[in-house]
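Enquirer: Chains as they are written, first to last, in the numbering used here: chain S, 1 to 428; chain H, 1001 to 1428.
FYI, nobody ran anything at the bench for these hints, they're computed from the structure.
Keep in mind that a hint or two might mislead.
Unchecked claim - Pulled a few chain H residues facing chain S out of the computed Cβ check, cut under 8 angstroms:
(1) T1014
(2) I1113
(3) E1241
(4) L1295
On a predicted model such as this, the values are computed, not experimentally measured, just so you know.
Glycine is no exception: its CB is placed at the ideal position from the N, C-alpha and C atoms.
Protein chains: 2
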Amino acid sequence: MVPPLDAETIAIGTELLIGGRSDSNSLFLADELGKLGIAVRFKSVVGDERRDIVTAIHTAVTRAQVIIMTGGLGPTVDDCTREAVARATGHRLGRRKEALEGMTARLAQWGRIPNTAQLRQGMIPSGATVLNNPVGSAPGFCLTWKKALIISLPGVPREMEEMMRQEVLPLLRAESGAAGWSPREPIVRQVFHTFGLAEADVDAKLKGLIPKGAPVDLGMLASPMGVLVSLTTKGNQSTPEKNRDLLEELTNDVRSRLSDWLFAEGRDTMEEVVGRELSKQGLMLAVAESCTGGLIGHRLTQVAGSSAYVDRGAVCYSNRAKTEMLGVPAELIAHNGAVSKEVAAAMACGIRQRANVSVGLSVTGIAGPGGGTETKPVGLVYIGLDDGTGQPITQEFRFHGDRNVIKQRSSQAALDLLRRWLLGKASR
Amino acid sequence: MVPPLDAETIAIGTELLIGGRSDSNSLFLADELGKLGIAVRFKSVVGDERRDIVTAIHTAVTRAQVIIMTGGLGPTVDDCTREAVARATGHRLGRRKEALEGMTARLAQWGRIPNTAQLRQGMIPSGATVLNNPVGSAPGFCLTWKKALIISLPGVPREMEEMMRQEVLPLLRAESGAAGWSPREPIVRQVFHTFGLAEADVDAKLKGLIPKGAPVDLGMLASPMGVLVSLTTKGNQSTPEKNRDLLEELTNDVRSRLSDWLFAEGRDTMEEVVGRELSKQGLMLAVAESCTGGLIGHRLTQVAGSSAYVDRGAVCYSNRAKTEMLGVPAELIAHNGAVSKEVAAAMACGIRQRANVSVGLSVTGIAGPGGGTETKPVGLVYIGLDDGTGQPITQEFRFHGDRNVIKQRSSQAALDLLRRWLLGKASR
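Work the whole structure out from these sequences, hints included.
Expert: In structure tokens form, the structure reads like this:
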């Protein structure tokens, strides 16, 4: 049996280590490599320290056959990936013609000539193949050392992604044939997004789903946006068709077990799901937001083409704004409080009528940390939906978490109510 | 000289490896450890595979003295951190009374009793100290092996953070005394946030800032929100006071070089900066958004207490909404187009007047990918600000990037104009 092909990604940059930034490149890399049947088993992050990059490379070659490094290829002095790879693998750095030419051509397009610092970007370890950067100035490179393919790419996501597509993936496909590597069966992954159930409840619903010993992993991850469930095939199996059938069967089983709580699959988002359904039904939406402050509008308009079904939104932070923008009677607010199901209903109805659209959606709540009372604590949120039938739908939630979490959950709850209404499944 | 104390974080979870999720815990950990003078030099991410977690532990002990693992402590079968630590260090797992008691007490508060799966969470490697989880059900633990302190915490950020504060940081302070560890001088880091300059321009402004050989690293990171600059002292120096003086001097130098482009320092955000200034000046704000779809309102209301200065927002996605909500004349839109400086000015003026507040801020643009023309391409964005002087300020931008990047940049540009206006530095 041919040994499986494992990958490790190494993200380089002190900013990624201590600077409040996450490394997002490795997620893209894992996806793309997975399609080739190459599993990312380790991800590492190191700062801009040559000795630490060297250590990371030496560790990676002991446990991975494909090593993709991102970052540290820029023109500044703290960009030391080139030096680190040379040092780690015992190659010398040298100025490489094809690297300089690509960079010069790219800069020329922007009407610039390379300065001394940028010329450093043309230094490539001996024996390495230069990888052209069609988007930016820093070239990448790859070389084989200790039976591992070490690939070095810039850290700028747009440049890294384009170079993966144009240079690295074709190379990996070719190499895997030439070197006698036998990539595993592609790792297939099904992702399911749920809202409205706690992780423990999702777990209970999925109990006994995976037959004992079946080559599929079940994953679960809770966030303010809901619980994500994933099924991932284990690569390198001898019976790929059987696995695919099994995954299909399990996917159907998950769908039926999660039923209405399942709002999207794969890379689909809640806002795309409701957007598609609004389009399909030819409906226009207007939103009235208090505690979410514009987040629902922002999310809806993340979808290209959303102007076809989003007419407007009103962010009514003050009580006066609720009355002036939506016609919510001041007495209703005075009597029930701004955070109440009555005001949520009046806001949804008000925005629907004023915008003259099919459906109005509203949120009012206490995002905290201040503003809570014993009877109306932080996290109390009301959602409203009005479709002109004279019977607005309202829902009460008591969310936990900080201000941001409460805003996120509130926006998700509102969009989920809209989704259920669009599917004819919202209970009044 | 006492050897420096280095840390490695290991985030565990297949979701973090391939699931489109970044590991945010390690950023918090790096911050907190840095305050104790412990540098995170490596971050690792591994999936829920026992053998991979074992490998990660074995690698970490060769290069770090403090190892903090997050995740894999839940009740489900794929949570195997407990088993992996036991296996890696040669300890046996056993049910531990204090772990079970803490968990039972916590669940009792929620009116539940532990089920069989949750009881797995009470299994702790022999010789390890149990770390109480005051927020969730899964206890953590720590043990010393091969001169490294291995700490295992849950992956849920809220639980991990609370356990760091209540359990781990006091322990590290105590241990560092008892074990004769001499933590380095705290790593001090100054972060500067700029908007409006390209990375190359920031680089040029900061040229020659750091004296040759000075124990301070200069970092730079570009994002749609601007260019972040950081100064980080290198720990373990023999002259801490001198370093502090140097950092202070460099900080002042950076401030004067970046001048008005510097909008915030440290963990401060643009929305906090403008919020504080609005509060201080006793001004109320209203916002009219087209292409940002609510993002500006969302960002402003991320700040606790923002209801004191945010009155309302109008998300006017359709032309009709611009006319009805803001009184922008339909002829003005017909004549200039919805994406024009005239409409931006009318939107800012309209929202200010209707809300009867001190200042109105507006954005109109083409976020794409559709909707662009030769004269008005995707990325063309107009910002408007009206303060009732009869002289609205407008700015034109031509942003690059995808829909989300254009929305982000537009929101940042609008808030930056507001900031400059608040400081009396906006050019009309």
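Enquirer: Just pull the numbers of the violated hints for me, sorted ascending.
Expert: Numbers 2 and 3 - these are the hints that the structure violates, sorted from lowest upward.
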